[in-house]
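Enquirer: Place chain Y on chain V using the hints.
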Amino acid sequence: RKEVEQDPGPFNVPEGATVAFNCTYSNSASQSFFWYRQDCRKEPKLLMSVYSSGNEDGRFTAQLNRASQYISLLIRDSKLSDSATYLCVVKGSKFYFGSGTKLNVKP
Amino acid sequence: GAGVSQSPSNKVTEKGKDVELRCDPISGHTALYWYRQSLGQGLEFLIYFQGNSAPDKSGLPSDRFSAERTGGSVSTLTIQRTQQEDSAVYLCASSLIAGTSGSYNEQFFGPGTRLTVL
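Those protein sequences? They're chains V and Y, same order as listed. 15 is the number of the first residue of the first sequence in my numbering; add one for each residue after it. 12 is the number of the first residue of the second sequence in my numbering; add one for each residue after it.
So that you can see chain V by itself, here it is in the shape it has in the complex (with noise of 0.2 Å):
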């Protein structure tokens, strides 16, 4: 079983959708919690950490479960721009990457 997993999609949305990711970990252990960002041929980028609280940046907000052992990224108002592959990333000993979602906004 793979440590992170996450739906490799790709997600088809218009501009101005609410679209949402889902990402589960195997290991309960695990500390921290991030999304990070990759467009096409670039490197990853952070994102945005990921608090048990759940947290929010602009349009961008993620939520933390620890008890289902999943994290999600909700995507507000969608843009062109935000067409990209995600990263669901957890950091128990080491870090673990998701294989990512993919998105793409369409006008």
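Hints are computed from structural coordinates only; laboratory data are not their basis. Everything numeric in this text was worked out from a predicted model, so none of it was measured. Be a bit skeptical, because a hint or two may be false.
Unchecked claim - EDC-like, lysine to aspartate or glutamate: derived pairs with alpha carbons at most 20 Å apart:
| no. | chain 1 | residue 1 | chain 2 | residue 2 |
| --- | --- | --- | --- | --- |
| 1 | Y | 68 | V | 17 |
| 2 | V | 93 | V | 71 |
| 3 | V | 16 | Y | 67 |
| 4 | V | 108 | Y | 117 |
| 5 | V | 108 | Y | 67 |
| 6 | Y | 26 | Y | 74 |
| 7 | V | 120 | V | 29 |
| 8 | V | 56 | Y | 117 |
| 9 | V | 56 | Y | 35 |
| 10 | V | 108 | V | 17 |
| 11 | V | 116 | Y | 55 |
Unchecked claim - Interface residues of chain Y toward chain V, partial, derived using beta-carbon atoms under 8 Å:
| no. | residue |
| --- | --- |
| 12 | 52 |
| 13 | 54 |
| 14 | 59 |
| 15 | 123 |
Claimed, not checked - Some residues of chain V that are not near chain Y, with every Cβ distance over 12 Å (derived):
| no. | residue |
| --- | --- |
| 16 | 34 |
| 17 | 40 |
| 18 | 75 |
C-beta atoms are modelled at their ideal positions from N, C-alpha and C, and glycine is treated no differently.
Expert: Same frame as chain V, but now just chain Y:
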């Protein structure tokens, strides 16, 4: 300030040759990571350095792969006797420390080295 840099950006080599990939982390970052990413795939952890501690080599796929980090800064990933399945983008990342505090764990990635083994 300068980000993580990697060289070369592209490397084409013949099967059986050795290659060296270089990573310059952000100054002051004590943690350094190597990953590889095959086309359309997620990141595969290779090796991790934290300060003066012994590196975590658990992700290295075979004994043809090795890495070192000199003086706690620059790192070199060496692949000996390259095989076609080694073709991938090799990404290096650094973070301030590898503790449990979220902000200190942020990894900053270099642009990667695209390795093609013919």
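Enquirer: Residue 116(V) and residue 55(Y): Cα distance at most 20 Å?
Expert: holds, 18 Å
Enquirer: Would the hint linking residue 56(V) and residue 117(Y) be met if the CA-CA limit is 20 Å?
Expert: holds, 17 Å
Enquirer: Are the Cα positions of residue 68(Y) and residue 17(V) separated by 20 Å at most?
Expert: It holds: about 17 Å lies between the C-alpha atoms, which stays within 20 Å.
Enquirer: Please work out if residue 108(V) and residue 117(Y) have their alpha carbons no farther apart than 20 Å.
Expert: holds, 13 Å
Enquirer: Any Cβ of chain Y at or closer than 12 Å to residue 75(V), or is the non-interface label fine?
Expert: The claim holds: residue 75(V) sits with its nearest Cβ about 16 Å from chain Y, beyond 12 Å.
Enquirer: Any Cβ of chain Y at or closer than 12 Å to residue 40(V), or is the non-interface label fine?
Expert: Residue 40(V) is indeed farther than 12 Å from all Cβ atoms of chain Y, at 15 Å.
Enquirer: Can we confirm that no CB of chain Y comes within 12 Å of the CB of residue 34(V)?
Expert: holds, 20 Å
Enquirer: Was the hint right that residue 59(Y) lines chain V, CB cutoff 8 Å?
Expert: holds, 6 Å
Enquirer: Is residue 26(Y) close enough to residue 74(Y), meaning Cα to Cα at most 20 Å?
Expert: holds, 16 Å
Enquirer: Double-check residue 54(Y) for me: the hint is only fine if its C-beta lies closer than 8 Å to a C-beta in chain V.
Expert: The hint holds - residue 54(Y) has a Cβ within 8 Å of chain V, the shortest such distance being about 4 Å.
Enquirer: Against the 20 Å threshold, does the CA-CA distance of residue 56(V) and residue 35(Y) hold or violate the hint?
Expert: holds, 18 Å
Enquirer: Holds or violated: are the alpha carbons of residue 108(V) and residue 17(V) at most 20 Å from each other?
Expert: The hint holds at about 11 Å.
Of the numbered hints listed earlier, not one is contradicted by the structure.
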